[in-house]
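There are 2 protein chains.
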Amino acid sequence: MKHEEWVRTELEKWSKFFGFHYTPKEEIELRLQKVREEMGRERVEALLVVQKMDCFYLSGTTQDSVLFVPLEGEPLLMVRRELERARVDSPLQNIVGFKSVREVRALIRKHSGGLPETMGLEFDVLPTREYYRYLEIFPETRLLDSSSVMGHARQIKTPFEIEMMRQAGEIGRKIYEEARGFLEEGMTEIEFGGMLDTAGKKYGHEGLARVRSMNYEAYTWHVLSGPSGGIVSQSDSPMGGLGLSPAFPVGGSLKPIRANEPILVDFLCTYHGYMVDMTRMFSIGKMDKKFIAAYDATRQIHDAVLEDTRPGANCDELFRKSVQVAHELGYEDSYLGPPGLQTTFVAHGIGLELGEFPYLAKGHDYPLEAGMVFALEPKVVFPGEGSVGIENTVVVTEDGYEILTPLDEEIYQV
Amino acid sequence: MKHEEWVRTELEKWSKFFGFHYTPKEEIELRLQKVREEMGRERVEALLVVQKMDCFYLSGTTQDSVLFVPLEGEPLLMVRRELERARVDSPLQNIVGFKSVREVRALIRKHSGGLPETMGLEFDVLPTREYYRYLEIFPETRLLDSSSVMGHARQIKTPFEIEMMRQAGEIGRKIYEEARGFLEEGMTEIEFGGMLDTAGKKYGHEGLARVRSMNYEAYTWHVLSGPSGGIVSQSDSPMGGLGLSPAFPVGGSLKPIRANEPILVDFLCTYHGYMVDMTRMFSIGKMDKKFIAAYDATRQIHDAVLEDTRPGANCDELFRKSVQVAHELGYEDSYLGPPGLQTTFVAHGIGLELGEFPYLAKGHDYPLEAGMVFALEPKVVFPGEGSVGIENTVVVTEDGYEILTPLDEEIYQV
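Residue numbers (our numbering), protein chains in the order written: chain E, 264 to 677; chain U, 264 to 677.
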């Protein structure tokens with residue numbers, strides 16, 4: 264059997280067995296239409312999509328590729344490895360192989376009958392060295408920053424994407440339910456985190472938490488018990504935790520989990536590339552009433568923000584409302600971090616990556632739109648003692664919102 | 264208690280409990296000396312180190328920072344978050360806080376009494392958008408690509424770094440031993456991968472596999488059983504596996520592990536930021552003699568490469584020797600991948616990141632030096648059936664080599 268046939272037969276067999284959701288042709292067309300609207304607005308004649316998640320969004324494959332998208336005419340997917348697998352994944356018509364980035368120019372010229380005058384690349388992630396290489400390869404074409412084209416298109420999720428996130432949320436629900444069964448006193452934070460991850464993997468949780476920016480890292484074992492929750496680290500987050508070393512100073516640590524401590528479990532679940540972010544509180548026996556009251560306050564803040572969540576609501580105002588409610592409830596010094604280190608967002612966009620729009624954050628003066636998805640996470644931090652909070656991933660609907668992480672909101676006491 | 268004092272007291276308590284290895288002052292000085300030698304060779308007057316692992320290498324902290332390193336005079340660590348924690352982590356003398364990258368210029372000027380004429384940044388990872396921002400901030404300074412300065416300095420590991428990797432290897436040894444106890448027929452590949460990860464986390468394995476290049480991803484659950492091992496994916500690797508979806512089409516899948524299949528377990532273990540990479544074969548009951556023979560062949564190839572491993576040995580020649588031995592043993596079509604998709608390296612450098620020098624690869628015409636560390640991974644792939652291989656992380660010593668992953672090399676049969 265020829266290699267191409269073999270790959271196709273083998274993948275067909277297994278993908279049916281696993282229930283792979285290949286991105287349908289109509290879905291890709293819908294996304295291309297959204298991207299082209301943004302291209303028209305920013306007057307860019309073509310895109311060369313170089314980043315893996317942007318490429319997946321518009322092609323349906325994460326095989327090693329670059330994608331040429333002209334404002335008019337068919338896109339061209341150029342695949343370095345593995346061509347046959349990309350052909351199985353992607354409903355695009357024009358898919359060719361290449362070995363070196365130097366061939367990209369000739370392939371585009373052959374496909375389009377010429378080269379564009381302006382071409383956008385994602386400058387927010389494209390390494391400077393690669394940028395210089397593209398400048399050399401395309402001396403007649405003006406290269407532009409198309410990060411916002413991709414960012415704006417991707418911030419409004421399609422029904423297909425929302426369904427993937429709903430399924431991720433359902434896996435998350437199972438993980439938290441099962442966790443009641445394996446959390447034990449004396450277990451370390453990091454071990455509990457590992458078990459949560461493994462519980463999810465059984466259902467297809469992908470384990471990898473993708474982040475767009477250089478230097479920013481995400482992981483799933485953000486389990487902070489008692490005093491660990493009072494410690495801030497390098498990430499722009501209300502609490503960082505102790506982590507495992509100065510090289511990885513965030514998240515679960517080797518600290519044993521003790522009875523009656525507040526145990527904050529902030530977990531990212533990924534299904535078919537789509538992430539949802541969620542936080543719930545656990546305790547072994549009852550936690551101190553100070554923490555119970557603070558957790559209740561974060562639920563009130565969460566609900567107050569959702570009360571105003573609908574298309575047209577202003578993101579900066581939603582953030583300010585969360586701060587106002589926190590202050591009214593008496594958490595002025597502890598809301599979103601210890602004094603002096605408080606963060607200035609209560610929700611971040613999420614989808615194929617962490618660090619998408621919208622942000623419910625200070626200065627983010629734009630309206631919500633239907634299809635936007637954000638992770639809403641009001642949290643309260645007591646240095647030296649612990650932290651509490653709730654987090655749900657929420658999609659803005661035509662007349663309000665839907666929670667994509669419908670987990671029990673009571674404390675998971677074991 | 265003031266915030267600074269509190270952070271210091273709290274971290275002191277826990278870091279002792281966990282056994283954190285802070286990077287000693289002499290170690291940082293040794294690394295600075297190596298980097299400055301490269302700076303002198305490349306005629307760059309100063310570095311602005313912007314990437315997290317480069318910054319950790321020269322400062323001892325992974326707090327959100329940029330590091331200014333003049334060829335002469337003291338370095339300046341500028342910390343965005345969390346300043347107090349960076350002060351605990353790093354033995355550097357000059358550590359200041361900042362909020363916006365615009366302040367960096369004034370801080371450097373104040374520290375050095377002027378600005379350098381040439382300054383190197385890591386163009387191999389610096390996003391184009393940030394590059395343009397630095398061009399604006401430093402109009403009088405010529406910005407250069409210092410990727411190779413960092414790459415060359417970091418490729419020779421210090422005794423401190425080798426010790427961290429030795430400890431990572433020891434955790435790896437425990438993981439593989441324990442895995443005999445929990446591998447069961449019917450368990451999915453991905454679940455077994457999750458359990459391996461959790462087993463390591465108990466001993467301080469950090470779970471995160473850091474990769475330098477955009478779009479390249481690493482993970483620890485590379486468990487490929489039977490036919491999964493015959494499938495190639497987007498990574499430059501002999502086998503990719505089925506993965507969990509088109510969005511994450513590599514590594515362990517939802518395929519149940521069956522008796523008598525070859526089970527390839529390729530695991531990255533991280534300790535204090537330092538990774539080691541290792542592969543061993545598992546089976547439930549006995550695997551077919553075809554796979555046993557092929558695994559034995561990969562061990563012979565592995566040993567043949569190590570036989571010539573010492574300072575001065577040429578990396579391209581070591582790669583070609585591995586190919587020659589594979590051909591002599593009858594694995595011409597299956598060595599390092601299926602026909603037409605064979606990779607052209609048998610070892611990659613490793614340390615704080617995947618994708619370090621050296622590569623034992625086609626065209627890598629340079630000599631090994633003492634202190635270089637690489638993961639040597641001869642593998643054999645049978646499409647539709649499975650793959651086998653061995654991998655060890657090895658440090659080049661003055662007169663030969665030391666294996667940093669001293670795991671049992673027999674098949675882990677349960």
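By construction, these hints were calculated from the structure, which means they are not laboratory data. Check before you lean on any hint, since a few could be wrong.
Which copy is meant is left open, so a pair is good if it fits within one copy or across any two.
[What the hints assert, rightly or not] Heads up, simulated SDA-like pairs for lysine to any residue below, C-alpha to C-alpha not over 25 Å straight-line:
(1) Lys552 - Pro630
(2) Lys465 - Glu441
(3) Lys552 - Val367
(4) Lys362 - Asp499
For clarity, every value in this text was computed on a predicted model and none was experimentally measured.
Quiz item: Using 25 Å as the alpha-carbon threshold, which applies to Lys552 and Pro630: within, between, both, or neither?
Solution: Result: close neither inside a copy nor across copies, 38 Å intra and 65 Å inter.
Practice problem: Using 25 Å as the alpha carbon limit, work out where Lys362 and Asp499 are close: within a copy, between copies, both or neither. | Solution: between (39 Å within a copy, 12 Å between copies)
Exercise. If the cutoff is 25 Å on CA atoms, where do Lys552 and Val367 land: within, between, both or neither? Let me know, please.
Key: Neither: 63 Å inside a chain and 45 Å across chains, both beyond 25 Å.
Quiz item: Taking 25 Å as the upper bound on the Cα-Cα distance, should Lys465 and Glu441 be classified as within, between, both, or neither?
Solution: Classified as both; 12 Å inside a copy, 20 Å across copies.
Violated hints for the displayed structure, listed by number in ascending order: 1, 3.
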